[in-house]
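Q: Listed here are the chains, written in short residue letters.
There are 4 protein chains.
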Amino acid sequence: MRFEGIFAALTTPFAPDGSVALDKLRENIARYNRTHLCGYVVVGSTGESVLLTFDEIDRIWNTARECAAPGKLLIAGAGVDSTPETIARVRRAAELGYDAVLIKTPHYFKPVLTPAALERHYMTVADASPLPVLIYSIPQYTGISITAEWVARLAEHPNIVGIKESSGNVSLASEIIHLCPPEFSTLVGSSGTLFPSLLMRAAGGILALACFLPEPAIEIYEAVRAGDIARASRLQFALLGPSHKIGGELGPAGVKYAMDCVGYYGGNPRLPLLPLTEAQKKTAESVLAEAIARQKLDHLGVAG
Amino acid sequence: MRFEGIFAALTTPFAPDGSVALDKLRENIARYNRTHLCGYVVVGSTGESVLLTFDEIDRIWNTARECAAPGKLLIAGAGVDSTPETIARVRRAAELGYDAVLIKTPHYFKPVLTPAALERHYMTVADASPLPVLIYSIPQYTGISITAEWVARLAEHPNIVGIKESSGNVSLASEIIHLCPPEFSTLVGSSGTLFPSLLMRAAGGILALACFLPEPAIEIYEAVRAGDIARASRLQFALLGPSHKIGGELGPAGVKYAMDCVGYYGGNPRLPLLPLTEAQKKTAESVLAEAIARQKLDHLGVAG
Amino acid sequence: MRFEGIFAALTTPFAPDGSVALDKLRENIARYNRTHLCGYVVVGSTGESVLLTFDEIDRIWNTARECAAPGKLLIAGAGVDSTPETIARVRRAAELGYDAVLIKTPHYFKPVLTPAALERHYMTVADASPLPVLIYSIPQYTGISITAEWVARLAEHPNIVGIKESSGNVSLASEIIHLCPPEFSTLVGSSGTLFPSLLMRAAGGILALACFLPEPAIEIYEAVRAGDIARASRLQFALLGPSHKIGGELGPAGVKYAMDCVGYYGGNPRLPLLPLTEAQKKTAESVLAEAIARQKLDHLGVAG
Amino acid sequence: MRFEGIFAALTTPFAPDGSVALDKLRENIARYNRTHLCGYVVVGSTGESVLLTFDEIDRIWNTARECAAPGKLLIAGAGVDSTPETIARVRRAAELGYDAVLIKTPHYFKPVLTPAALERHYMTVADASPLPVLIYSIPQYTGISITAEWVARLAEHPNIVGIKESSGNVSLASEIIHLCPPEFSTLVGSSGTLFPSLLMRAAGGILALACFLPEPAIEIYEAVRAGDIARASRLQFALLGPSHKIGGELGPAGVKYAMDCVGYYGGNPRLPLLPLTEAQKKTAESVLAEAIARQKLDHLGVAG
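Going down the list, the sequences are from chains A, B, C and D.
Going by the numbering used here, the first residue of the first sequence is number 1, and it counts up by one from there.
Going by the numbering used here, the first residue of the second sequence is number 1, and it counts up by one from there.
Going by the numbering used here, the first residue of the third sequence is number 1, and it counts up by one from there.
Going by the numbering used here, the first residue of the fourth sequence is number 1, and it counts up by one from there.
Take a look, some chain D residues computed to stay more than 10 Å from chain C by CB distance:
#  : residue
1  : ALA21
2  : ALA30
3  : THR35
4  : GLU66
5  : GLY71
6  : ARG92
7  : ARG153
8  : HIS178
9  : ARG201
10 : ASP260
11 : ARG294
12 : GLN295
13 : ASP298
14 : LEU300
Only some residues are given here: those of chain C computed to face chain A with a beta carbon under 7 Å:
#  : residue
15 : GLY168
16 : SER171
17 : GLU175
18 : PRO196
19 : ILE229
20 : LEU240
To list a few chain D residues with every Cβ distance to chain B over 12 Å, as calculated:
#  : residue
21 : PHE54
22 : ILE87
23 : LEU96
24 : PRO132
If you are wondering where the hints come from, they were derived from the structure by calculation, not from laboratory data.
Quick caveat: nothing in here was measured; it's all calculated off a predicted structure.
Beta carbons are placed, not taken as given, at the ideal position from N, Cα and C, and that holds for glycine.
Put together the whole structure using the sequences plus the hints.
A: Now the structure itself:
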């Protein structure tokens, strides 16, 4: 099994009373099942993982497992600061039949989380995990940066099969691809650098943007595979705004609002994340409208 | 009730099998009970809060409640990224008879955790909390910085009664003291700036260092109260090394090793925190020995 | 005149006594003249601009002007913290017949150098400059970051014709290209992201790496123009090591040592920059050898 | 000669045409001469050193030398990024009869300015300098941080006699004092931490705030020397606002405006520094008025 293509980093829908709305999750997944998405990350950063209890996570994982169409790969966001708790979550994901786990760098105790300490964490998790492990680096949230050499050392472990690299640093992603074996999957987490990363042989992307604009992300991937560089580049330009202004600046609340705009269920995030202000909604709407218009023009054969 | 004086930020002892060693916690607290410590923070950063399950935290809180001598104030480290989960923990601490809760700034979703979002978090928690709330700011771990004006706004809430300010920034602590009402307790979290902060009218300190050197920290506090500035300054110089080299650079593993050195039970931290290397142990030992020698000289009336 | 293609960011050669070695500069330029480099930046960061007196800079600009082959564009690194001093330098570059000036973001007074203050600086310089102005952003040296919207506002000035964007952030470069008019030249300063940036329609690169490996950088540019994506990608992989390990980690001293290795005159940097240690020289040599081997294999038609 | 007490970090007055207004500098110094300031730093950060040509600096140094009252110590801000240029400036300051030089950490080439490279810079300058050298660390402008151990190594050089530590980090200043010999002068550059630093045996302060509020800064120093801790603490509270809001947030333009408010000549800064907006002026005025009112109340024996 190789992790390649476009994955959606699913949001977690909440009901008006603040509880997890599993029915809405089912509806969203049913619709994603009809796209060419390769699979889903369930309970990652976009899924507000740090705001959920493990009991809630268990129900979400279960529901996604039930709803995902055959052939869609399921990746459980299972990494927390504690190594033993990470292992407990990994085991649960395995019991539920997930295909892989995504393990975020521990980050709270920054001054002592040296590369050696982080390596020990991943090695311990990978040794214990019944499932293949994907590293997850997102320094804009964790404050923890990694190097390509460090990834290459971890990639020697037979159970560490890839990375979600969300910093948006294309030369770092390129170096990882350069130093790791060809079967290691380097997936990017930044939709603003999807196309250039794919050109540097990234295996694909795990994208929050794919929650509300799955098709254009998939089209970039397929255009690159088909050698249609000009088209992939045009689509990438169309996605710069949503990537930066919605996923980057507005976070999960922005992603959810954009989902509401295009017919998925987004809803509100959980506190301390705030729903968008009216001004932020206006920004999100216009950014989204421009991206969709550009993509449509492209389908009509009109240059962006 | 006012929060002033020196509090220990307790470590969480683990047994060799990795489980929480409640018996060791009891022994440590029994010994702390014989000092002039004003109270304990139970399950804060030094207590490896982010590495514990809530079930473990519950048992630790219970045990500390049972063991703490009458008159010792008990502060529960109850803040997590999620607002509703923070409230659930706060309520549990209230049921167990704690005196206050310490609420860390949420931090994972940094780009959207604006001052307004953080304010909303604290207001929501303070409204729901049966216990007085202490803000907890520790930017070296969270990457979230605050301003004195922001604290002053929160201090208007009748249930927000103080702050643990752990950045070590004395002018920030001074400004908080300047802008907040006199009954608001500004406690510092950095033992390297205890004395200068007390001179700027800080109410006290919540210190990891008080786990292994409670007496000199208390002596600084008492010397300042007694107007013995020269003595307080000498003791502060004696604590600079342990503060920087053990608490700061080595983190909870360093604090625990120093506890082992002076007869408390420290033990190993939980992964991903690593036990000290032999070289780190040597450093901790010599830093500790120098601090203790200086303090003893001071007791003998010899200038440091 | 449009600024596109590959430019070398020239080093400043020093004689063993520390004075500027203009003869060595002449020799280096004579050799660069025989490549397809589009031109030269004279006295930029790689040229150790901040370590030179203006008198020295004047002589270097003069010498480069004399030696540059007809058709090579000459860009003077003329930006300093002071707006009036920047204008004085710009005027001197114009007198000497330069084609454009490269104006670094002021940076010393970070807390007050708001986007508005930076904008005022560039507008004042552009109003006064007889030459077209290229913005220069290099946050790893200056600590000053910019946004695409800010660049787009400056791009409205008829005398601000492009930017050297050296952060290596491909999505930022892409957004600048997206928001600025097509005649605005976005040149990247990071050789590790040359190929992906060109795919996003960057106009070219101004590269320290082009001081010691001009041909492969030019080949990437020409391969992209010719639509040979696979070849451009292979060459980009070959340049990742030299980009990161020599230009990035070793700075001007590394670039100079690499020049010595391939037959240019590099020599020592000026203090406080230190010459490479023996271990650093070994690293630079092996990184360089690997890059050259990969490039040669590519010429022989063997996949990298 | 020991550097202790309060020094003003002089501003550089500019005439409306942008040239240096030496006559205004003379008037300001004449008035400072009547205070208990120990001396002046001429052409430091507050003096907009990075915005001046060396020719201008020479004339400013000359003028200050002529005007300073006998007994006022004169410290020349002589550090630039280049080691040889720093030495040339140091020699000129010596010819002009200055008492010491203040040498800022080089900072432009951050990634390669390791502690070893910075040490080499200071050792080379100190070897060549006819005048005693004071280290100058101001990470908020330079992005370069130092450690107490590093300072202690430099303090072994017989010609390195002190440091201006402007980070505002009291525990760092304390550690420097702790590790360096007693004759080494640790002067703080942050008026918001003057009193707590003096309590930790700092030798004094080099303060931008002393340009517009020299008396209260001197009174803090004298109160600490006289053992009047309560008074020193009250005055420190009075200075928190001007320190943070004027010196810190508004920079040299703020300092100059505050000087204008209290009867010195401030005037405008040089571009790219912008004059204060009307809103910023209002803030500066009210912060200043509050500080002066507090200080006066204190003189009348009314608690602040």
